[in-house]
Amino acid sequence: MEHQHHSAPGEVTFHHEPAQGTKRIWKTFWILLIVTIIELGLGLLLYATHFGAGLVLAIKGVIIILSLAKAFYIVSIFMHLGDELRNMIMTIVVPLLLFVWFIGAFLWDGDSFRNLRNTYDPYHKEQTTTPAKQDKPHDAQKPGELH
Amino acid sequence: MAHAVPADRKWWSGGKSPFNMEYGKLMMWYFLMSDAFTFSAFLISYGTIRFSSNSWPDPNEVFNSFPFVHGVNLPLAFVSLMTFILIMSSVTMVLAVHEGHHMNRKGVIKWLIWTIIGGFAFLGCQAWEWTHLYHQGAWWGRNPFLNANGSVASTNFSNFFFTITGFHGFHVFSGVIINIIILIMTWKGVFDRRGHYLMVEKAGLYWHFVDLVWVFVFLCFYLL
Numbered sequence: 031m032e033h034q035h036h037s038a039p040g041e042v043t044f045h046h047e048p049a050q051g052t053k054r055i056w057k058t059f060w061i062l063l064i065v066t067i068i069e070l071g072l073g074l075l076l077y078a079t080h081f082g083a084g085l086v087l088a089i090k091g092v093i094i095i096l097s098l099a100k101a102f103y104i105v106s107i108f109m110h111l112g113d114e115l116r117n118m119i120m121t122i123v124v125p126l127l128l129f130v131w132f133i134g135a136f137l138w139d140g141d142s143f144r145n146l147r148n149t150y151d152p153y154h155k156e157q158t159t160t161p162a163k164q165d166k167p168h169d170a171q172k173p174g175e176l177h
Numbered sequence: 004m005a006h007a008v009p010a011d012r013k014w015w016s017g018g019k020s021p022f023n024m025e026y027g028k029l030m031m032w033y034f035l036m037s038d039a040f041t042f043s044a045f046l047i048s049y050g051t052i053r054f055s056s057n058s059w060p061d062p063n064e065v066f067n068s069f070p071f072v073h074g075v076n077l078p079l080a081f082v083s084l085m086t087f088i089l090i091m092s093s094v095t096m097v098l099a100v101h102e103g104h105h106m107n108r109k110g111v112i113k114w115l116i117w118t119i120i121g122g123f124a125f126l127g128c129q130a131w132e133w134t135h136l137y138h139q140g141a142w143w144g145r146n147p148f149l150n151a152n153g154s155v156a157s158t159n160f161s162n163f164f165f166t167i168t169g170f171h172g173f174h175v176f177s178g179v180i181i182n183i184i185i186l187i188m189t190w191k192g193v194f195d196r197r198g199h200y201l202m203v204e205k206a207g208l209y210w211h212f213v214d215l216v217w218v219f220v221f222l223c224f225y226l227l
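Listed in order, the protein sequences are those of chains A and B.
Throughout the first sequence, residue numbering follows our numbering, covering 31 to 177 in sequence.
Throughout the second sequence, residue numbering follows our numbering, covering 4 to 227 in sequence.
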């Protein structure tokens, strides 16, 4: 293949040399694939067993951490963020720390809402913790029905 | 690896990018940040509603079918295939960008075509999943599935599922269209004339973002 004239836009000062081979790309693919398989394995484990609430939560926590690891690999290597200037990386990573608060605060709120509603709305609590009657074949809910 | 800023250059004195990055690429990153906040808001609101509910349909009972296989209980099987397809298309996209770095037009075309095929395959799978659920009676405002504790479920489950996977599917679809446009531009030699394949790289960033969102959609709806 003839070597084309390779130019960069005016605002770019230096050009870091692209990697010669695709080894890093395929290595990352295998990491992502294996982590996904582990996640699926844990998911199926939870489906096939009756662990206590604490252990279920712990396994779900591990699955979440594995997903975060996948996110790190996709962003750092596939999207090449890991190869950029450190200050630029920070403009992306630092705002994402907001998510730590975002997730914690809203899930906490959701939990609080559930407790308060169960306390002050016993009808709702009974409706949502009593198994539905099984005597007739199961139909789709009518649209617009209040639950 | 990350480069620290070389000490002898005045990066913020004007005339050049302080992040050593083309303007369009930097703006794509910040657009992706905004989209990340949008999807996070969706997924966190899903988590909030789920946490505020006494019970919720068990995903392994709802999502347990596979195309062309009837009567067999296969939780997580179909969604695993969808995840694999999207990861593969991400790999082919990185390979396309890689070829672009080496100004290899034919290589870019080849890997972009595979990426587009992967995107269509994923969309086909999602369409099948939606159609299958619709035929079981699920839709916005309709939820035939019971909670895990046996009680009647609210429509929150199906509303959130179709809305969030709908937004994601729309992003996949727009990503496929963008990739097709970039493929045509590559084939016509636009980037050879420009002297760089940065547009392929920007399309790649969008495509990887779409894959990343799926990682978390798959996590929240199917695994947790």
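The set of hints was computed from the structure by calculation and includes no laboratory data.
Hints may contain errors.
Claimed, not checked - Only pairs whose alpha carbons sit at most 20 Å apart, straight line, appear in this in silico DMTMM-like list of lysine to aspartate or glutamate:
id, chain 1, residue 1, chain 2, residue 2
1, A, K155, B, E64
2, B, K28, A, E47
3, B, K109, B, D195
4, A, K53, A, D113
5, A, K90, A, D141
6, A, K90, B, D61
7, A, K53, A, E41
8, A, K57, A, D139
9, B, K28, A, D113
10, A, K155, A, D141
11, B, K28, B, D38
12, B, K28, B, E132
13, A, K163, B, D61
14, B, K19, A, E41
15, B, K113, B, E25
16, B, K13, A, E41
17, A, K90, B, E64
18, B, K19, A, D113
19, A, K163, B, D38
20, B, K19, B, D38
21, B, K28, A, E41
In this text the structure is predicted, and so the values were computed from the model without any measurement.
In rising order, the numbers of the hints this structure does not comply with: Result: hints 1, 7, 8, 12, 15, 19 and 20 break, sorted rising.
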